[in-house]
Amino acid sequence: MSFEVDVVRRIGEAEIRLAFSSGPGLTALFGPSGCGKTSVLNMVAGLLRPDRGRIVVAGETLFGDGIDVPPETRRAGYVFQDRRLFPHLSVRANLAYGRREEAALMGLDEAATFLGIGHLLDRRPASLSGGEAQRVAIGRALLSGPRFLLMDEPLVALDRARADEIMVVIERIRDEVGLPILYVSHNPAEVARLATHVVEVSR
Amino acid sequence: MTGEDWGIVLLSLKVAITAVLLVLPIAFALAWLLARKRFPGRILVDALVHLPLVLPPVVTGWALLLLFGRMGPIGGLLDRWFGVTVMFRWTGAVIAAAVMALPLMVRAIRLSIEAIDARLEEAARTLGASRVRVFRTISLPLALPGILAGLVLGFARSLGEFGATISFVSNIPGETGTLPIAIYAAMQVPGGEGRVVRLAIVSVILSLGALIASELMIRRANPRAHVL
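Residue numbers (the UniProt record's numbering), protein chains in the order written: chain A, 1 to 203; chain B, 1 to 228.
Simulated from the structure, these hints should not be mistaken for lab results.
These numbers were taken from a predicted model, which means no experiment stands behind them.
Idealized CB from N, CA, C, for every residue including glycine.
Be a bit skeptical, because a hint or two may be false.
Said to hold, decoys possible - Which residues of chain A face chain B? A partial, calculated answer using Cβ under 7 Å: (1) Ala45; (2) Tyr78; (3) Tyr97; (4) Ser144.
Throw the hints in and build the complete structure from the sequences for me.
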């Protein structure tokens with residue numbers, strides 16, 4: 001099993017309750033906005049603590065049974081919806097920030113070529129377009145030597161052509177790199193194209 | 001400028017620079033505490049930090065006199081343990097300047113810490129960075145404009161410090177006779193106008209220079225940030 005998640009978390013009035021398990025490939029959390037999909041990703045990343053439950057990824061317990069692995073050792077490659085590139089660092093330094101030599105799936109230049117961002121390495125994030133910033137965010141996550149990827153609406157705010165480019169990249173990560181991916185989306189077409197497993201999330 | 005004038009300027013610089021360097025780590029720690037932590041008594045700490053800003057400086061100087069005098073709780077310990085006193089010494093002028101600069105520095109640094117996007121710190125942690133590394137590589141660089149602004153404000157405030165200094169350590173030429181105190185003293189003596197003019201001009205140049213230098217430093221670090 002790639003992802004085994006069974007979590008409960010109260011946020012204000014709302015209660016997020018989700019249980020699923022899925023095999024290799026891309027697992028899509030699919031549902032309307034505001035139903036807590038991002039909160040589930042944050043719990044898997046270790047940024048939000050479930051009130052109770054269990055999170056196991058690729059056989060390793062990240063949360064539950066008295067275990068709560070801190071985010072820096074979970075090795076989640078998290079691609080945030082708002083990208084969160086470090087504004088004071090160049091694209092190159094952003095890509096290298098989480099670099100784990102021993103666990104590197106690919107070199108920095110190789111990743112830059114793979115993502116088509118080789119010409120952007122000396123720029124600052126503020127000068128990138130949405131699609132460029134998204135590819136840098138994906139590259140930064142890939143280069144951190146992740147054991148799995150978390151992607152939160154990576155295509156939102158992109159036009160069709162850019163979204164298509166990124167989808168090709170995600171398919172290659174899914175098929176060629178072979179990382180388990182937990183993917184949040186509210187777009188049925190995107191989910192139909194990318195997902196190996198679909199988990200419907202309702203309010 | 002006479003040799004004595006230069007002595008006054010150098011003493012002022014020595015006092016102001018020592019004061020801001022001394023108070024910077026304290027100001028940063030307090031700013032971090034007030035910006036990031038919720039604890040009982042937070043409002044009291046906040047108010048105490050700001051007290052020198054609203055209190056008549058003479059009262060602050062008098063309070064320092066009570067604390068650091070030979071019979072005072074801090075002055076007594078300094079005397080007993082190290083055999084030193086800050087009374088009527090330039091080190092006392094440093095303490096007065098530091099206390100007066102503290103609130104301004106805490107305010108500037110705190111604003112910049114509050115402006116740090118915590119989501120970037122989260123992102124850094126998912127990339128494998130420990131809390132210490134996140135602080136060093138994300139939080140601190142992002143707070144840098146505020147830290148520099150705080151340094152400049154603190155330096156300018158220290159350079160201009162008068163009331164607390166004169167009531168705490170008096171006017172001892174060569175020890176506590178900093179620019180504003182020397183200017184005030186020169187205004188009291190017949191024929192002192194020349195010195196007043198010279199020292200006033202130096203004051204303007206130093207303050208202006210500090211502001212421009214910090215602005216340039218910050219622009220180099222981040223083209224869109226500014227202090228002024």
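Verification of the hints:
1. Ala45: holds (5 Å)
2. Tyr78: It holds, given that the least Cβ distance between Tyr78(A) and chain B is near 4 Å, below 7 Å.
3. Tyr97: Nearest chain B Cβ about 5 Å off; hint holds.
4. Ser144: holds (5 Å)
Checked against the numbered hints listed earlier, the structure breaks none of them; every hint is satisfied.
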